[in-house]
Amino acid sequence: MIELIKESGIPLLPTRPPATVMDINRLGSMHQCRLSFMRSLMRKVMREKWSIKPSVIKLDDHGYGVIVYRVDTGKNIYSFVLFSNHLDDDKRNDRVIAEEWDVTMTLCIGDVTRDDIDQMRENVPKQEAGRVNSKMIVLSRGNKSSRNFDYVVSELSSGHQPDKQMLTKVGYLYRTTAVYGSGKFGMADWEKVKQTCPEFATPFSAEMFVCFMLRHFSIDQAERLASIQSPSTAVAMDDDIKRYIGIGNSTGLGMAPFLIRHPKLISRWLWVREQALARISTFGDVNRDKVNKLVKIFVKAQKHLEETEVPDEIQTKRNDVLKSELAQVIAFLPDFSCANQRWDTFVEHIGTHFSFETQEVVSSSLMELYPDLVDDLEDNLTVDEHYRLQPAMTLSELKQIIEVSYDWALEIDFSTKDANHFFWYFSEEKMEPRLGDRYNEPGEDKEMPLIIGRLVRDCYNKLMDDVVEYSPNEMIAYFLLRRPELSGIVTRIQAMSAEPMGEIRGNLADINMRPLDLLRCKLSFFGVSKFDPKSKLWVRNTMFQGAPIVSDIGKTYHDDWYFPVASGV
Amino acid sequence: MKISKNELTSLLKQAFQGCGFSAGVYETAATTVVWCKTHGFDISSALTAEKMAGFQAHTKSNVKILVDSQDELSVDFGGDSFIVSGVLMAELVYAKSIAAGLCLGKFIDCPDRKLVSKSVADFGQRGVHCTAYWRDNEDPNLINVTRTVDGNWCPEYARYLSAEPSDKRVVELDQSSLYLVCADTSAAMDEYLLSECDEIIGKPFQYWLSEGIKANERSSLMDGIDITPELWDLLGGYRDKVLVESTDESRKGAGA
Chain A
197 MIELIKESGI PLLPTRPPAT VMDINRLGSM HQCRLSFMRS LMRKVMREKW
247 SIKPSVIKLD DHGYGVIVYR VDTGKNIYSF VLFSNHLDDD KRNDRVIAEE
297 WDVTMTLCIG DVTRDDIDQM RENVPKQEAG RVNSKMIVLS RGNKSSRNFD
347 YVVSELSSGH QPDKQMLTKV GYLYRTTAVY GSGKFGMADW EKVKQTCPEF
397 ATPFSAEMFV CFMLRHFSID QAERLASIQS PSTAVAMDDD IKRYIGIGNS
447 TGLGMAPFLI RHPKLISRWL WVREQALARI STFGDVNRDK VNKLVKIFVK
497 AQKHLEETEV PDEIQTKRND VLKSELAQVI AFLPDFSCAN QRWDTFVEHI
547 GTHFSFETQE VVSSSLMELY PDLVDDLEDN LTVDEHYRLQ PAMTLSELKQ
597 IIEVSYDWAL EIDFSTKDAN HFFWYFSEEK MEPRLGDRYN EPGEDKEMPL
647 IIGRLVRDCY NKLMDDVVEY SPNEMIAYFL LRRPELSGIV TRIQAMSAEP
697 MGEIRGNLAD INMRPLDLLR CKLSFFGVSK FDPKSKLWVR NTMFQGAPIV
747 SDIGKTYHDD WYFPVASGV
Chain B
133 MKISKNELTS LLKQAFQGCG FSAGVYETAA TTVVWCKTHG FDISSALTAE
183 KMAGFQAHTK SNVKILVDSQ DELSVDFGGD SFIVSGVLMA ELVYAKSIAA
233 GLCLGKFIDC PDRKLVSKSV ADFGQRGVHC TAYWRDNEDP NLINVTRTVD
283 GNWCPEYARY LSAEPSDKRV VELDQSSLYL VCADTSAAMD EYLLSECDEI
333 IGKPFQYWLS EGIKANERSS LMDGIDITPE LWDLLGGYRD KVLVESTDES
383 RKGAGA
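Protein sequences, first through last, are from chains A and B.
Numbering follows my numbering, in which position 518 of the first sequence is assigned residue number 714; successive positions increment by one, without gaps.
Numbering follows my numbering, in which position 132 of the second sequence is assigned residue number 264; successive positions increment by one, without gaps.
In case anyone wonders, no lab produced these hints; they're calculated from the structure.
C-beta atoms are modelled at their ideal positions from N, C-alpha and C, and glycine is treated no differently.
Honestly, I wouldn't trust all of these hints.
[What the hints assert, rightly or not] To give an idea of the chain B side of the interface with chain A (calculated C-beta under 7 Å), a few residues: (1) 139; (2) 143; (3) 156; (4) 375; (5) 376.
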């Protein structure tokens, strides 16, 4: 970790303990923050003044066809290519298993030729069933929010602006249903992107950019269709409304295994976030201006929550508690901060008296006060994800690592039926990751090795046996030759002993486990808002709501689009 | 056809799992094959239909340790591919060399020996001097060598013409054995090679420098990896064995 903080001159600081940070319930309560990928991407786009202009427009009067946007970052050229098609309402399906969409799109390195577009036309609309090439770095698709889209087009064509309040319920015109990168279907590997596309060399920034471009297209498309429908009366949309329009997103279980399979990366993300909080606690000056700004952020968060309507009872209750707790925090904050003069005392107080949701809003909001202490950390969100076995380690050394770093796993009782209820597997349908009931569904023999706590427990038990039967000083290499099936988990344990925040502390097979918590953690790093759970297994949310629009690039940028609201606060 | 490194890695993991490899083993096998493939080593003979069927039918390891001393590990693989347990055996050779200063691994009757190149690269990155050599499958007069190069994370690969028979140990190599040497210093490695197999010192018959091997990796990353449709289909068939049938009930497990 020593190499972590590049050129900031700020020393590494002690963070909250992993047991606090990696509690699955806390992870399931996280919110976007300044370090979220969308926020970071927008800062880069605005700072570097990217030019985004359509270079090919072949759309018919219904808006169907192909459009290419040329993106000039100042260093490189990229092309965002989108195919728009007619889709019957009854075929509109947000699930991974869908086979047709309103729009399909890709982000490519460089300019595209007519031949490139022809080749893309044969493959991009097929998504998983097509083959693309290493010039492409993201493949995605989206569906219309028909009611919203038709409403907005109708209003614009008749010369009116859409009512912002209408957009508070569903704050987007299109929603993405999958965004693929990292070499899927023949695309460029992440390593290539990292090496050759400096604009997108931070995790998921290319994927986020595609969502930003879909948002841009959705507004473009609505204005274009309004103009075609009624050339004499149509008006352009007000910029303020454009900014309030985000892009919808449906995220399902597929995202959850990622968090478990990339523990070093997750550790880095959370550790960096914790460093930001530690910096604020240590160096963040507490004064009247800062306190007033924090109060304003909390008020905005309350308003945002009031405008967030979700049918899910649990989330509604959590939002209600959050609103009420924020009111309490707003009431005591000025006196409290004057008396204490340090944010760590405030954070500690919140941590012991308020819900996880409130704690996490407070953490995210504090970061907004200190961009100078936080923003440089965004350069540290990538990591070498190689996991190397340490074969010369002794059995007793490994045993000790487990007892110290995986104490949480040893505390879980895996002997009950409920503790083993779920298993994760790949379905034959598009290889979609799914969660099965171990006792009532087939496929247990094809289980993915994702229940890390149980794997650690199993490894520990066998280690204890061998410590007795062989020698505590025996090398791990011998242990693994006897038990090769443990080589994966042993390598992971060894690697993660130096990465305190990579393991999600909970039993991911337990009957009460909520995969939603895992999705929320990752989505908060993406920077989404308005979590709208549709079940324990998938969630709708909104991306880029409140963010700058393309025509804002080049103007003064205020990086304050957190907790977006329809009306000013 | 061209595929990405990530795609090949995922496909191989699932294909090896479909063959019955356990977790950990299939991951190691996949990353080993992918490393060799992306760095320009021809691994087609390690992934034939016959080999894959053999992996699947293989339920019991044939591997037997014959000698296990402080500085030597001699293992009879009994015809088991390096893919199955070669990496773990190589790790043991490496681990022994840390304590002993130098360790020789003799892997007897071990097909797919070229895959050791990934282990050589790994050990080089950990700061150990490593040389692996084996007599060529097709031409017994050729000896293949993969070895670490000082200050370079990527090994080099060379082929030597076998000299006149001598008492040096390299002539003992049959066409199915692999020798792997790990040493903590270059001096220890040089001393070993001079005394035990001087045939692989000096100018090789053919060689690929680290830079060339790195260039292969870069090309794989930039342009994609060439794979035959037959291999794609073969691996896909084994991958399908780990997929679970979709039912109305299972769709609920995806949030439907």
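We went through each hint and held it up to the structure:
The beta carbon of residue 139(B) is positioned within 7 Å of a beta carbon in chain A (closest approach about 5 Å), and the interface hint is therefore held. At a threshold of 7 Å, the smallest CB-CB gap from residue 143(B) to chain A is about 10 Å, leaving the interface hint violated. Because the smallest distance between the Cβ of residue 156(B) and any Cβ of chain A comes to about 3 Å, under 7 Å, the interface hint for this residue holds. At its closest, the beta carbon of residue 375(B) sits 4 Å from a beta carbon of chain A; the interface hint therefore holds under the 7 Å criterion.
The restraint placing residue 376(B) at the interface with chain A holds, with a minimum CB-CB distance near 3 Å, inside the 7 Å limit.
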